[in-house]
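A.B. asks: Sequence:
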Amino acid sequence: MSALNNPLALLWALLPRIPLILRTALLHGIGQSPGAGKQDLRTEMTVTVLRSFITGRRTPVGKQQKGAMHDPGIKGPLWVSKVKIPQPEMDVQDAVIKAIEELKVSGETYDIPGVGPVEAEWTGYRRGVGKNAPEPELSEEQKYTKLKKENDADMVVLYFHGGAYYLMDPCTHRPVVSQISKRTNSPVLSVRYRLAPQNPFPAALVDALTAYLYLVAPPPGSLHNPIDPSKIILAGDSAGGNLSLVLLQTLLTLHRTSTTVNFHNIAVTITPPAGVAVSSPWCDISRSMPSIRKNAPYDFLPAPSPFSSSEANGEPFRPPPIPADAIWPTNPPRVDYFVNASAILHPLVSPLAALPDLWKNSPPIYISTGEEGLTDEGLVVARRMHAASVPVIAEQVEGMPHCFGMMMPGHPAGKAFYDSMGLFCVDAVAGTVKDRADGKLKFFAFKPENNKEIPLSEVASHLPDSEVDKLLADSKEWRVKGEKVLVDGWSAKNENRARL
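Following our numbering, the numbering of the sequence shown begins with 1 at its first residue and continues without gaps.
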């Protein structure tokens with residue numbers, strides 16, 4: 001991914017892909033490409049090239065992380081003011097564990113993550129400058145003052161970046177966050193949460209709650225004044241969309257149990273935010289829904305192989321064959337970077353596993369998806385939210401890949417996405433989303449004359465709740481068995497070493 005942030009490195013990386021690019025252009029031109037009739041050439045070329053970077057990657061996890069967190073610097077139409085949230089009391093961790101235990105079904109295990117300081121970036125749109133304008137030489141406080149002066153709406157977006165919970169960083173998402181700031185005229189706090197596999201579930205959730213409490217009850221020395229939860233929007237893409245939704249579930253659970261959290265010596269009453277806006281949310285960590293395979297031709301994210309236990313012919317689930325390094329595989333081993341197999345269907349891990357009742361009294365939700373691997377899970381979550389009477393604005397764009405707004409911000413579909421998300425954020429804070437939440441999915445077809453609206457109660461009709469629950473349960477069982485095989489092998493090796 002680092003090559004994508006460096007023009008010279010990108011050019012060098014594209015040279016061996018010229019035959020692939022020419023073949024894609026030819027097949028698209030004669031209507032024989034996978035995306036023909038659903039994607040324009042620009043979209044299909046983007047998907048094909050991105051997929052070629054990802055497919056077959058066998059790089060150690062630590063090296064992947066380093067490449068995906070390359071800081072491109074700060075320039076152009078954005079303000080960035082870096083802050084460090086001081087380490088909070090253990091009460092924040094305890095609150096997350098309380099929510100986990102409250103929603104626990106059976107046998108889920110997880111690490112105790114601890115608490116620590118959390119880095120973040122205040123980001124805002126900087127008007128009147130070119131795309132290569134250098135960052136002014138100002139203090140972080142001065143940059144925040146400039147940012148707030150230009151983006152003075154009475155609201156804040158709390159943003160969580162994507163990257164499968166083990167990649168990316170606020171620095172990689174500055175263009176995304178600045179576009180949200182531009183549409184909402186508000187400051188955005190983008191959070192550098194702890195990444196797996198070094199910090200598995202629920203470390204990221206503890207950091208997310210820390211950031212939320214930081215907005216509501218800033219400790220002494222903070223740049224901002226206290227922000228009422230009714231002025232806060234949670235937002236994120238992919239894994240960041242997951243983190244936004246599970247933070248909401250955490251807040252709803254703590255609010256339902258009348259929990260207060262001690263945060264830098266202030267007793268904070270837990271109140272949910274004004275709304276949540278997510279792009280291509282990763283709602284099923286097990287990746288067990290049919291769209292993972294069905295929509296693979298239109299997406300750059302490769303489907304896992306094997307996709308399901310039935311495809312594995314009785315073989316236990318195993319993690320991808322990535323070369324070992326200091327952080328992966330873990331000791332004891334897991335099959336998933338992010339979470340123990342036993343907890344993969346906990347509602348604070350996979351929002352798809354949350355039953356409709358758990359969404360009751362939720363603030364308004366915005367969900368955007370393409371025709372991608374994660375489509376089924378996003379639409380089923382929207383359906384279940386709607387069943388709990390949550391005001392939902394759901395949109396799907398035919399033929400578009402994962403996080404298309406981030407990948408193709410200049411594409412008409414990308415621009416429309418940012419406009420729609422920005423409008424939702426503003427309306428949620430104003431309390432007017434319910435006027436537009438008509439209980440229908442807005443489906444934007446490749447050919448506009450085929451646009452349609454589908455009742456949310458009928459979306460993903462090929463996946464009734466009973467089938468969703470069965471697929472999830474089968475996927476969990478497969479992973480639990482696979483993890484047991486790994487742990488047993490690891491234990492046996494340790495015992496043999498101890499005898500020598």
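Where hints are given, some of them may not hold.
Per label pair, the in silico range of CB-to-CB distance [unchecked claim]:
#	residue 1	residue 2	range
1	Ala326	Lys447	42 to 52 Å
2	Ala36	Ala388	20 to 30 Å
3	Asp325	Ser466	35 to 45 Å
4	Lys66	Ile266	29 to 39 Å
5	Glu101	Arg17	26 to 36 Å
When the alpha-carbon atoms are kept at most 20 Å apart in a straight line, the in silico SDA-like pairs for lysine to any residue are as follows [claimed, not checked]:
#	residue 1	residue 2
6	Lys484	Pro316
7	Lys440	Asn451
8	Lys82	Asn225
9	Lys82	Ala133
10	Lys484	Ser310
11	Lys63	Pro197
12	Lys481	Arg318
13	Lys493	Ala326
14	Lys66	Pro77
15	Lys104	Val480
16	Lys442	Lys481
17	Lys75	Glu150
18	Lys98	Arg256
19	Lys66	Asn225
20	Lys294	Ala445
21	Lys75	Asn132
22	Lys442	Ser389
23	Lys82	Ser139
24	Lys470	Ser342
25	Lys38	Lys294
26	Lys442	His462
27	Lys360	Ser258
28	Lys481	Arg497
29	Lys131	Lys415
30	Lys84	Ile74
31	Lys148	Ala164
32	Lys434	Ala445
33	Lys415	Ser389
34	Lys66	Gly76
No lab work stands behind these hints, which were simulated from the structure alone. We put the beta carbon where it would ideally sit given N, CA and C, even for glycine.
A.B. asks: Below or equal to 20 Å on CA atoms is what counts here, so check Lys82 against Ala133.
C.D. replies: It holds: about 19 Å lies between the C-alpha atoms, which stays within 20 Å.
A.B. asks: Does Ser389 lie within 20 Å of Lys415 when you go C-alpha to C-alpha?
C.D. replies: Roughly 29 Å between the alpha carbons, so the hint for Lys415 and Ser389 is violated.
A.B. asks: Sort out whether Arg497 lies within 20 Å of Lys481, counting only the CA atoms.
C.D. replies: violated, 25 Å
A.B. asks: For the pair we were handed, Lys294 and Ala445, check the Cα-Cα distance against 20 Å.
C.D. replies: holds, 18 Å
A.B. asks: Quick one, are Lys484 and Pro316 close enough, alpha carbons at most 20 Å?
C.D. replies: This hinted pair holds, its Cα atoms lying about 9 Å apart.
A.B. asks: Taken at face value, is the distance from the CA of Ala445 to the CA of Lys434 at most 20 Å?
C.D. replies: It is violated: about 25 Å lies between the C-alpha atoms, which goes past 20 Å.
A.B. asks: Would you mind confirming whether the straight-line C-alpha gap from Lys84 to Ile74 stays at or under 20 Å?
C.D. replies: holds, 18 Å
A.B. asks: Between Lys493 and Ala326, does the CA-CA distance stay at or below 20 Å?
C.D. replies: holds, 18 Å
A.B. asks: Going straight from one Cα to the other, do Lys104 and Val480 come out at no more than 20 Å?
C.D. replies: holds, 16 Å
A.B. asks: Quick one, are Lys442 and His462 close enough, alpha carbons at most 20 Å?
C.D. replies: holds, 18 Å
A.B. asks: Within a Cα-Cα threshold of 20 Å, do Lys481 and Arg318 meet the stated pairing?
C.D. replies: holds, 10 Å
A.B. asks: Between the alpha carbons of Lys82 and Ser139, is the straight-line distance 20 Å or under?
C.D. replies: Holds, because 10 Å separates the two Cα atoms, which is no more than 20 Å.
Checked against the numbered hints above, the structure breaks hints 2, 5, 14, 16, 19, 28, 31, 32, 33 and 34 and satisfies the rest.
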